[in-house]
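Enquirer: Chains as they are written, first to last, in my numbering: chain A, 49 to 187; chain B, 49 to 187.
The hints are simulated quantities; they were obtained by calculation from the structure and are not laboratory data. Quick reminder that beta carbons are idealized off the backbone N, C-alpha and C, glycines included. Among the hints, erroneous ones may be present.
[Stated by the list, open to error] Listed next, with one range per pair, are the computed distances between beta-carbon atoms:
{"#": "1", "chain 1": "B", "residue 1": "Arg138", "chain 2": "A", "residue 2": "Ala179", "range": "34 to 44 Å"}
{"#": "2", "chain 1": "A", "residue 1": "Asp180", "chain 2": "B", "residue 2": "Gly187", "range": "20 to 30 Å"}
{"#": "3", "chain 1": "A", "residue 1": "Asp82", "chain 2": "B", "residue 2": "Asp82", "range": "38 to 48 Å"}
{"#": "4", "chain 1": "A", "residue 1": "Ala139", "chain 2": "B", "residue 2": "Glu147", "range": "37 to 47 Å"}
{"#": "5", "chain 1": "A", "residue 1": "Thr132", "chain 2": "B", "residue 2": "Asp181", "range": "23 to 33 Å"}
{"#": "6", "chain 1": "A", "residue 1": "Ile144", "chain 2": "B", "residue 2": "Asp82", "range": "25 to 35 Å"}
{"#": "7", "chain 1": "B", "residue 1": "Thr85", "chain 2": "A", "residue 2": "Asp180", "range": "24 to 34 Å"}
{"#": "8", "chain 1": "A", "residue 1": "Arg67", "chain 2": "B", "residue 2": "His175", "range": "16 to 26 Å"}
{"#": "9", "chain 1": "A", "residue 1": "Gly113", "chain 2": "B", "residue 2": "Asp62", "range": "17 to 27 Å"}
{"#": "10", "chain 1": "B", "residue 1": "Asp180", "chain 2": "A", "residue 2": "Thr77", "range": "23 to 33 Å"}
{"#": "11", "chain 1": "A", "residue 1": "Gly141", "chain 2": "B", "residue 2": "Glu135", "range": "42 to 52 Å"}
{"#": "12", "chain 1": "A", "residue 1": "Ser185", "chain 2": "B", "residue 2": "His175", "range": "21 to 31 Å"}
{"#": "13", "chain 1": "A", "residue 1": "Arg125", "chain 2": "B", "residue 2": "Glu147", "range": "36 to 46 Å"}
2 protein chains.
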Amino acid sequence: MEQRLSLVTLGVTDLERARAFYEALGWKTGAQPDDETIFFQAGGIVLALWDRSKLAEDSAVEDSGGWGGITPAHNVRSPAEVDTLIEEARAAGATIGREPEETPWGGYSAVFIDPEGHPWEVAHNPHWTIADDGTVSLG
Amino acid sequence: MEQRLSLVTLGVTDLERARAFYEALGWKTGAQPDDETIFFQAGGIVLALWDRSKLAEDSAVEDSGGWGGITPAHNVRSPAEVDTLIEEARAAGATIGREPEETPWGGYSAVFIDPEGHPWEVAHNPHWTIADDGTVSLG
Chain A
49 MEQRLSLVTL GVTDLERARA FYEALGWKTG AQPDDETIFF QAGGIVLALW DRSKLAEDSA
109 VEDSGGWGGI TPAHNVRSPA EVDTLIEEAR AAGATIGREP EETPWGGYSA VFIDPEGHPW
169 EVAHNPHWTI ADDGTVSLG
Chain B
49 MEQRLSLVTL GVTDLERARA FYEALGWKTG AQPDDETIFF QAGGIVLALW DRSKLAEDSA
109 VEDSGGWGGI TPAHNVRSPA EVDTLIEEAR AAGATIGREP EETPWGGYSA VFIDPEGHPW
169 EVAHNPHWTI ADDGTVSLG
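Work the whole structure out from these sequences, hints included.
Expert: Rendered as structure tokens:
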């Protein structure tokens, strides 16, 4: 198995609301395969929005209805960018789960929760490198 | 917000078991910040394994205990590679949630479920392009 992800799908109950939220954050949709799937080209991977019950069935799992042990993160290049992005998320309708704060690992981070209940950590990690194209490298 | 992800963290209850599973699939760990976090450089993003209860607290959510609406996928370059990877996952201890099959959207896919209950779709999508470096492009 090559050491990479290709796609992360977020299950949603209200596709248009979810799409509008990510578009309010400045994201642009890519080629749409049908009326029920939204794709965003996100660097070298794809982020998709799709009906949560269909995703559960397709993923061969039972939906426990809440959070299920996976959290995506978006790293930025400075603590100030964490503050800015959290304000943008708040304005776009996110719930702020954790306001920006210094972390025990020497970084600075916060959490926003999208309208479907999916949390995103927004972090500045001074131990990692973010290239001009947004790709992240460990240590 | 730049249109990208930096990190996907999988919450786990048995870190060593989870690490052993991904290592059995051929993944190599990157720089470790401490004894409780495992990082894998996965193309231009990072995949992390971390204690699920700590991740829930850090993500400002309640853990519903099962699957929670997010499924990662790993795309490959041919249907045959789906078959091969599913056999590798089975041998590494995964549960196969869905055996390889043709999909309604003209692809070929299957699902394996890791020892912590996280499903991964393994897919060949003939509408997408996979570059030599593994990055995926829409249509």
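Enquirer: If a hint holds in the structure, say so; if it doesn't, say that too.
Expert: Status of the hints after comparison with the structure:
1. Separated by about 36 Å at the C-beta atoms, Arg138 (chain B) and Ala179 (chain A) satisfy the suggested range of 34 to 44 Å.
2. As the Cβ distance of Asp180 (chain A) to Gly187 (chain B) is approximately 25 Å, the hint placing it in 20 to 30 Å holds.
3. Taking the beta carbon of each, Asp82 (chain A) and Asp82 (chain B) are about 44 Å apart, inside 38 to 48 Å as hinted.
4. With their beta carbons about 45 Å apart, Ala139 (chain A) and Glu147 (chain B) fall inside the hinted range of 37 to 47 Å.
5. Against the hinted window of 23 to 33 Å, the Cβ-Cβ separation of Thr132 (chain A) and Asp181 (chain B) comes to about 30 Å, which satisfies the hint.
6. For Ile144 (chain A) and Asp82 (chain B), the hinted distance range of 25 to 35 Å is satisfied, since their beta carbons lie about 27 Å from each other.
7. A C-beta distance of roughly 27 Å is found between Thr85 (chain B) and Asp180 (chain A), which places it inside the suggested range of 24 to 34 Å.
8. A hinted range of 16 to 26 Å holds for the C-beta pair Arg67 (chain A) and His175 (chain B), which are about 20 Å apart.
9. Here the CB-CB span from Gly113 (chain A) to Asp62 (chain B) is close to 24 Å, well matched to the stated 17 to 27 Å.
10. The hinted window of 23 to 33 Å between Asp180 (chain B) and Thr77 (chain A) holds, with their beta carbons roughly 26 Å apart.
11. A hinted range of 42 to 52 Å holds for the C-beta pair Gly141 (chain A) and Glu135 (chain B), which are about 44 Å apart.
12. The beta-carbon spacing between Ser185 (chain A) and His175 (chain B), approximately 30 Å, falls within the hinted interval of 21 to 31 Å.
13. Between Arg125 (chain A) and Glu147 (chain B) the beta carbon distance is about 44 Å. The supplied range of 36 to 46 Å therefore holds.
Hint compliance for this structure: every hint is met.
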